[in-house]
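Chains as they are written, first to last, in our numbering: chain H, 14 to 272; chain X, 859 to 924.
These are computed hints drawn from the structure, not numbers from a lab.
None of these values were measured; they are calculated from a predicted model.
Warning: the hint list may mix true and false statements.
Part of the chain H face toward chain X, derived, beta carbon under 7 Å [as the list claims (entries may be wrong)]:
(1) TYR32
(2) ILE35
(3) TRP36
(4) LEU39
(5) THR40
(6) LEU99
(7) SER100
For each label pair, taking beta carbons as the anchor points, the in silico distance ranges come out as [said to hold, decoys possible]:
(8) ARG267/H with ARG922/X: 41 to 47 Å
(9) GLY248/H with ILE910/X: 36 to 42 Å
(10) ILE882/X with THR137/H: 20 to 26 Å
(11) ARG267/H with ASN895/X: 28 to 34 Å
(12) GLY195/H with ILE882/X: 24 to 30 Å
(13) LYS893/X with ILE117/H: 21 to 27 Å
(14) ARG267/H with TRP867/X: 39 to 45 Å
(15) ARG922/X with LEU116/H: 39 to 45 Å
Ideal Cβ positions, reconstructed from N, Cα and C, are used throughout, including at glycine.
Single-letter residue listing:
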Amino acid sequence: MNQWITLLNKEFLEMARNYKWIWVPLTFILLGVMDPLTTYYMPQIIDSVGGLPEGAVIDIPEPSAKEVFIMSLGEYQTIGILIIVLSMMGTIAGERKSGVAQLILVKPVSYISYITSKWTAALTLVVISLFLGFLASWYYTGVLFEFIPFGSFMAAFGLYALWIALVLTLVVFTSATLKHPGAAGMVTLVTVFVFNMLGSYFSHLLEWSPTKLLPYASEMLVSDKWPEHAWPATGMASILIILVLALTVIIFKRKELAD
Amino acid sequence: MEIFETVNWSLLAPILVIQAILLIVALVDLIKIEKTNGPKWIWAIVILLINIIGPILYFVVGRRNH
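Produce the complete structure using the sequences and hints provided.
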């Protein structure tokens with residue numbers, strides 16, 4: 014346990030040196046406030062850009078607060094995931110390449126502590142950043158449009174954070190099993206993309222699929238009610254996270270021993 | 859510019875501050891760091907000239923961690 018805390022502190026220290034504690038939360042806050050602001054000021058933006066013929070009238074129906082907030086969710090689903098994957102893909106693959114992993118693992122450090130400390134550190138950073146981003150989006154949507162009930166907001170955050178945790182676990186897995194950080198990032202992005210596509214094509218069949226966590230989060234916001242199939246989906250996501258993490262440790266151990 | 863009168867500055871100011879922090883941190887890091895992915899001067903231009911996205915791009919792809 015002591016050793017695990019030391020490893021975790023090493024991860025946090027490294028994130029501080031990489032400025033991740035500064036730029037990841039700030040970027041996520043920007044992602045969150047982008048949609049409320051641009052949607053609210055859209056008429057002025059169109060006016061100032063100009064280029065419209067004299068007398069042209071564009072009637073943009075004002076979206077509801079919930080719609081605007083769900084648009085922000087979409088930003089995290091695309092740009093947010095891209096940032097998480099690109100910034101975390103080197104977490105193990107990079108250390109192996111540079112020899113840091115070997116330096117650490119030569120000492121009596123268990124593979125489990127090595128992997129789980131990395132995972133915990135990355136998860137802490139990402140979940141805190143995501144929460145700050147969500148909070149900023151909630152506040153801006155509230156001021157510019159209408160405040161969404163805080164309970165629904167928290168439930169939607171919980172559902173979506175679990176999905177992000179699963180994506181992050183996948184990054185840790187590919188980073189531990191593939192040699193090159195770029196390959197790890199690529200494989201993760203393709204996997205997430207394919208699963209999302211399959212999940213939306215067969216959405217009526219895969220109600221418990223973790224890819225449904227985003228739709229459930231939106232549903233939660235729209236109806237203010239916990240979606241019917243949200244529990245199986247959260248259970249499935251949690252099980253998958255634990256399984257992938259276990260698999261990461263097993264494969265990483267074999268690979269390290271073979272090298 | 860009439861747009862500047864209609865804008866709610868208490869909402870825009872935090873964004874300008876965040877943008878400034880990202881820019882300064884990215885520049886300080888660029889000066890201190892030994893090597894980047896690609897030439898340093900290009901990253902300096904990217905950070906300075908591309909609003910908001912420049913510094914983020916630098917942190918995501920420009921930094922070489924090890």
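Now the hints, each set against the structure:
{"no.": "1", "hint": "TYR32", "verdict": "holds, 5 Å"}
{"no.": "2", "hint": "ILE35", "verdict": "holds, 5 Å"}
{"no.": "3", "hint": "TRP36", "verdict": "holds, 5 Å"}
{"no.": "4", "hint": "LEU39", "verdict": "holds, 5 Å"}
{"no.": "5", "hint": "THR40", "verdict": "holds, 5 Å"}
{"no.": "6", "hint": "LEU99", "verdict": "holds, 5 Å"}
{"no.": "7", "hint": "SER100", "verdict": "holds, 6 Å"}
{"no.": "8", "hint": "ARG267/H with ARG922/X: 41 to 47 Å", "verdict": "violated, 29 Å"}
{"no.": "9", "hint": "GLY248/H with ILE910/X: 36 to 42 Å", "verdict": "holds, 38 Å"}
{"no.": "10", "hint": "ILE882/X with THR137/H: 20 to 26 Å", "verdict": "holds, 25 Å"}
{"no.": "11", "hint": "ARG267/H with ASN895/X: 28 to 34 Å", "verdict": "holds, 31 Å"}
{"no.": "12", "hint": "GLY195/H with ILE882/X: 24 to 30 Å", "verdict": "holds, 29 Å"}
{"no.": "13", "hint": "LYS893/X with ILE117/H: 21 to 27 Å", "verdict": "holds, 23 Å"}
{"no.": "14", "hint": "ARG267/H with TRP867/X: 39 to 45 Å", "verdict": "violated, 58 Å"}
{"no.": "15", "hint": "ARG922/X with LEU116/H: 39 to 45 Å", "verdict": "violated, 19 Å"}
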